[in-house]
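S.K.: Now for the letters of each chain:
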Amino acid sequence: MESNRLDELAARFWEGACSEAEELELRKELLCGPNLAKHSELRSYIRYLEQQSSDDALGDIFNKQILQAIEQKKEISSSFPWMKMAAGIALFIGLFFTWKSYSDSVEVRPVLDEIVIVDTYDDPEVAYREVKKALMMMGGKMNEGASYAGSLYEFEKAKNEIEKDGEEHSDQS
Amino acid sequence: MRTLSVMFMLFIGLGMSAQNNGIDRFYEKYQQDDHFTRINISSKMFSLFTNFDSNDPDEKDVLETISKLKGLKVLSGEAIPNAKAIYLDAVKRPNAEMEELMVVQDKGSELKFFITESKGIITELLLVSYDDTSVMMMSLIGDIDLKSISKLSKKMNIDGFEHLEKVK
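Protein sequences, first through last, are from chains A and B. For the first sequence, my numbering gives the first residue as 1, with consecutive numbering after it. For the second sequence, my numbering gives the first residue as 1, with consecutive numbering after it.
Chain A extracted, bound-state conformation (with noise of 0.2 Å):
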């Protein structure tokens, strides 16, 4: 480059009337062409720019991590439905045998309790008795809470209308 063209351009740089094009073509020549004494002080302050611009500048290593990172968190959440789904089901079976098992265990009851618990009349005649002796007890029981909300009843219903009739006979006096 010519001198001249050198000199015009470090003027307008210095002016900050420089275009992109014409900047970069002082950089080019500054920090790469004949090192002239009169810029000297243009040429250190480019360089103190270039070495900024690169320090700020992360590097491709550290654009690839970040794209990795990015990419395994995508991985992560397009799973997590699955694993959301995956619960669900594995709790539906866990309710459904419990279920199951519950109300087998219902079933069987009597037949386990012939096994563990044996019966305690042989004879079928006294243990017939027994039934009918506990079928008597529980209805007489039954009978006599029944009866009690009955007398209850009655009471509240004769309770009513004497009142009814107090407030009859009051009313025509």
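A portion of the hints provided could be inaccurate.
As the list claims (entries may be wrong) - Some chain B residues flagged as far from chain A (calculated, every beta-carbon gap over 10 Å):
(1) Tyr30
(2) Phe36
(3) Asn55
(4) Lys60
(5) Ala79
(6) Lys84
(7) Leu88
(8) Val91
(9) Arg93
(10) Met98
(11) Lys119
(12) Thr133
(13) Ser134
Claimed, not checked - Here chain B is said to cover these stretches of chain A; the calculated rule only asks that three of the stretch's residues, wherever they fall, bring their Cβ under 8 Å from a Cβ of chain B:
(14) 118–124
(15) 127–133
(16) 141–148
Since the hints were derived computationally from the structure, they do not count as laboratory data. Yeah, the Cβ is synthetic: ideal placement off N, Cα and C, and Gly gets one too.
With chain A fixed as given, assemble chain B onto it according to the hints.
M.R.: Relative to chain A, chain B alone:
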């Protein structure tokens, strides 16, 4: 995920506890206690009752009611100092599926009926009662008709137990 696991464990826990309730729990607990009398009549024994016959119409009704039953368990304790505590423990949660049917309260005594109902049929009738120092639990299993039990009891109270001898 953690919440689901906790819910799952809780459900299993409830299921397990539901299997070990009602009269069975007390049957096992007081198995070695001399203060308690235990009566167990199995479905096998109940099936033998179908061989019985009677000419008496009342007895026929009893036989018909009993023919639908499959089991009876009675646990009765006498001279129990903590009868009320046992009663309260029993009525607190006799069985996960049971519903309270009736309560009869009197001075120093109380009685509760519980039923298990499935598709409109009463499959279990449980009576729990206490009176001063005695406690009793009675569980009937089968197809239970409360009306016929009540009716039978009314009839028998009038007629007495003299017809029992007629049973062959």
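S.K.: Hint by hint, say whether it matches the structure.
M.R.: Outcome of the hint check:
Even its closest Cβ contact with chain A, about 13 Å, leaves B/Tyr30 beyond 10 Å, as expected for a residue assigned away from the interface. The non-interface label for B/Phe36 is consistent with chain A: the shortest C-beta to C-beta separation is roughly 13 Å, beyond 10 Å. The beta carbon of B/Asn55 sits about 16 Å from the closest Cβ of chain A, which is more than 10 Å, so the claim that it is off the interface holds. Annotated as non-interface, B/Lys60 keeps its C-beta farther than 10 Å from every C-beta of chain A; the closest such distance is 13 Å.
Non-interface call for B/Ala79 relative to chain A: holds, since the shortest CB-CB distance, roughly 20 Å, exceeds 10 Å. Every C-beta of chain A lies more than 10 Å from that of B/Lys84, the closest at about 18 Å, which supports listing it as non-interface. A cut-off of 10 Å between C-beta atoms confirms that B/Leu88 is not in contact with chain A; the least separation is 18 Å. Residue-level check passed: B/Val91 sits 14 Å from the nearest beta carbon of chain A, beyond 10 Å.
Under the 10 Å C-beta cut-off, the non-interface status given to B/Arg93 relative to chain A holds; the minimum distance is some 16 Å. The Cβ of B/Met98 lies farther than 10 Å from every Cβ of chain A, with a closest approach of about 12 Å, so its non-interface assignment holds. For B/Lys119, the condition that its CB be more than 10 Å from all CB atoms of chain A holds, with the nearest at approximately 13 Å. With a least CB separation of 19 Å from chain A, B/Thr133 remains clear of the 10 Å interface cut-off, as annotated.
A cut-off of 10 Å between C-beta atoms confirms that B/Ser134 is not in contact with chain A; the least separation is 14 Å. Residue count for the stretch 118–124 of chain A with a Cβ under 8 Å from a Cβ of chain B: 5. That meets the three needed, and the coverage hint holds. For the stretch 127–133 of chain A, the stated coverage by chain B is satisfied: 6 residues place a CB nearer than 8 Å to a CB of that chain, which reaches the threshold of 3. For a cut-off of 8 Å, the count of residues in the stretch 141–148 of chain A with a CB near a CB of chain B stands at 7, and the three-residue condition holds.
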